[in-house]
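J.: Sequence:
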Amino acid sequence: MRVSLAVVDRLVANGIDTVFGIPGKQSLPLNEAIGKRDDIRFVVARHETAVSHQAWGYAETSGQIASTVVVPGPGDMNAMNGLKNALNDCTPLVHFAIETEPALRGGDAIHETPPDTYDNVVKENILLKNPETTAATIDRAVQIAKTPPKGPVRVGLPKNYLQMDVPIAGASTPSAPSTSTVPEQAVAEAAEHLLAAEMPVIMAGGGVRASGGTAALRSLAERLDAPVVTTYKGKGVFPEDHDLSAGVLSGSASPELLDCLADSDAVLAVGSDLDAHGTRGWSVELPETLVHVTIDADDLGTGYDPTVGILADAADAMTAVENKIAAADTAPATKADGTERAQAVRDATARRIEPLVDSEPPLTSVHVLQTLRDAVPSDAITAVDAGGFRVWALNTFEAYGPRSYVNPGSWATMGTGLPSAIGAQLANPDTPVVALTGDGGLMMCVHELHTAVAEDLPITVVVLNNDDYAIISEEAGRSYDLDHQAYGWDTTPIDFGTVAAGMGMEAVQADTPSEIRTAVREAVQTDAPTLVEVRTDPTEPQASEWMSE
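If you count by UniProt numbering, then the sequence shown holds residues 1 to 549, one letter each, in order.
Derived by calculation from the structure, the hints in this document are not laboratory data.
Check before you lean on any hint, since a few could be wrong.
[Claimed, not checked] Straight-line C-alpha distance at most 27 Å; calculated BS3-like pairs for lysine-lysine:
| # | residue 1 | residue 2 |
| --- | --- | --- |
| 1 | Lys129 | Lys146 |
| 2 | Lys84 | Lys129 |
| 3 | Lys25 | Lys84 |
[Said to hold, decoys possible] Have a look at the derived ranges for each label pair, beta carbon to beta carbon:
| # | residue 1 | residue 2 | range |
| --- | --- | --- | --- |
| 4 | Thr431 | Arg517 | 18 to 24 Å |
| 5 | Arg41 | Ala333 | 50 to 56 Å |
| 6 | Asp483 | Ala350 | 32 to 38 Å |
| 7 | Asp456 | Val12 | 20 to 26 Å |
| 8 | Asn323 | Asp379 | 28 to 34 Å |
| 9 | Arg517 | Asp263 | 37 to 43 Å |
| 10 | Ala350 | Gly63 | 29 to 35 Å |
| 11 | Lys335 | Thr133 | 56 to 62 Å |
| 12 | Gln64 | Thr133 | 21 to 27 Å |
| 13 | His484 | Asp38 | 55 to 61 Å |
The structure presented is a predicted model; accordingly, all values stated were derived computationally and were not measured.
Glycine included, each C-beta is placed from N, C-alpha and C at the ideal position.
Please construct the entire structure, taking both the sequences and the accompanying hints into account.
T.: In structure tokens form, the structure reads like this:
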């Protein structure tokens, strides 16, 4: 059997029906094999950096694995950014890189890079050594990607193997990763501490999403009457219109949210590695009683010493803890009202941002984001780029479902909003998808507007344009001897409507709240990709500074 056909066979057998990539001479045998089938789709991007971000958005919003294909060297290295993003976010992908022929390796053949170059940006880096083992190698890669903690797996396919016709060793039957076993003694100890706590808090991370644990989280929070704080990657795993929602722990979290954590007498941190990014270099104060649930043993004790550490799937662990609490003979401690505690945090956040909502064009990001939340359907998927507006969005743009909000975690790379929206729309063709991006982030992936048009994807792209890397300019002027708006380009403004129109996309300018509402509501109802450009204030305060005052 030809190796290229075997690759595609195993992708389909493993439930992968979408491949993102940019074709090159080296990958054409694989593209040919995909093109001969109607049960798998190849999506052509315009830059390899976008390829891995598109697959990331696909997987983040669907829970299903996606695949990528790039040429060696420049293509592979361009895709590294998105692979590292997926690694940090524990997002499963299978990344195929066409490799230099073994006989030429080490001789500076075109695009050659040593295969181990990519070791540190993927969960595992596999080089296909013998063409006969193609099927088994791909099955292994998929299984590794899907096994918690999930992540991207790179498979190097030597160019000359793809067209070989060889006996392919029998493939395994795809199977789901085995479920985790929750340690009973640790569960009992965790339940005891949480029962005894008068002011418990739950901190929920992206692992809740990966485990499908939103229902278990809600049930446990309501049983404990505990406010829920989510991490960057956990945003959306607990509906932010719930009475127990207390917001997002981030660099722009309010002092009141930090106090809610510090003043509690027990924290259940579930599905989070409690990394340095999300906890401000581990400076966020947590109570002495910490129950830490994570799937990766290396997370325990890295930043905080847990009272109880549970190595298990987040959903399984929460269900086990709640069952133990429900069956306990001892009465729970008298609880402080969790709804009131969560409401106090939300009220404080609202008071802090209120002065920024009453703005005239150009509007503040806060004003735009609150207007957008009103205009975007509650069941839509929102893909959010990195940048200053994203930090505000963590506080002001509510997320209502575990896969309804996509944003990069600790890698915090810009240029993800539009590509991840493309992936999200392909994974969820019947759901409205809105990309929120800044002008800086969009310029890092503006070529993907054309991909959205070429693929006929009805995404709505909202670009908050302040003609500046404003989050950098603000810091430069405040903390360093640099000019005000040092990194802006107001004298050479970008007209994104013209750019979008040149790529065949509908475009509209909207600068007032009423214009924004009308433009976005109309855009999400159309079948065509649409860009909505909103001018924002480049001199607005940045979230981390404003919220800490």
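J.: Run the structure past the numbered hints and jot down the numbers of the failing ones, going up.
T.: none
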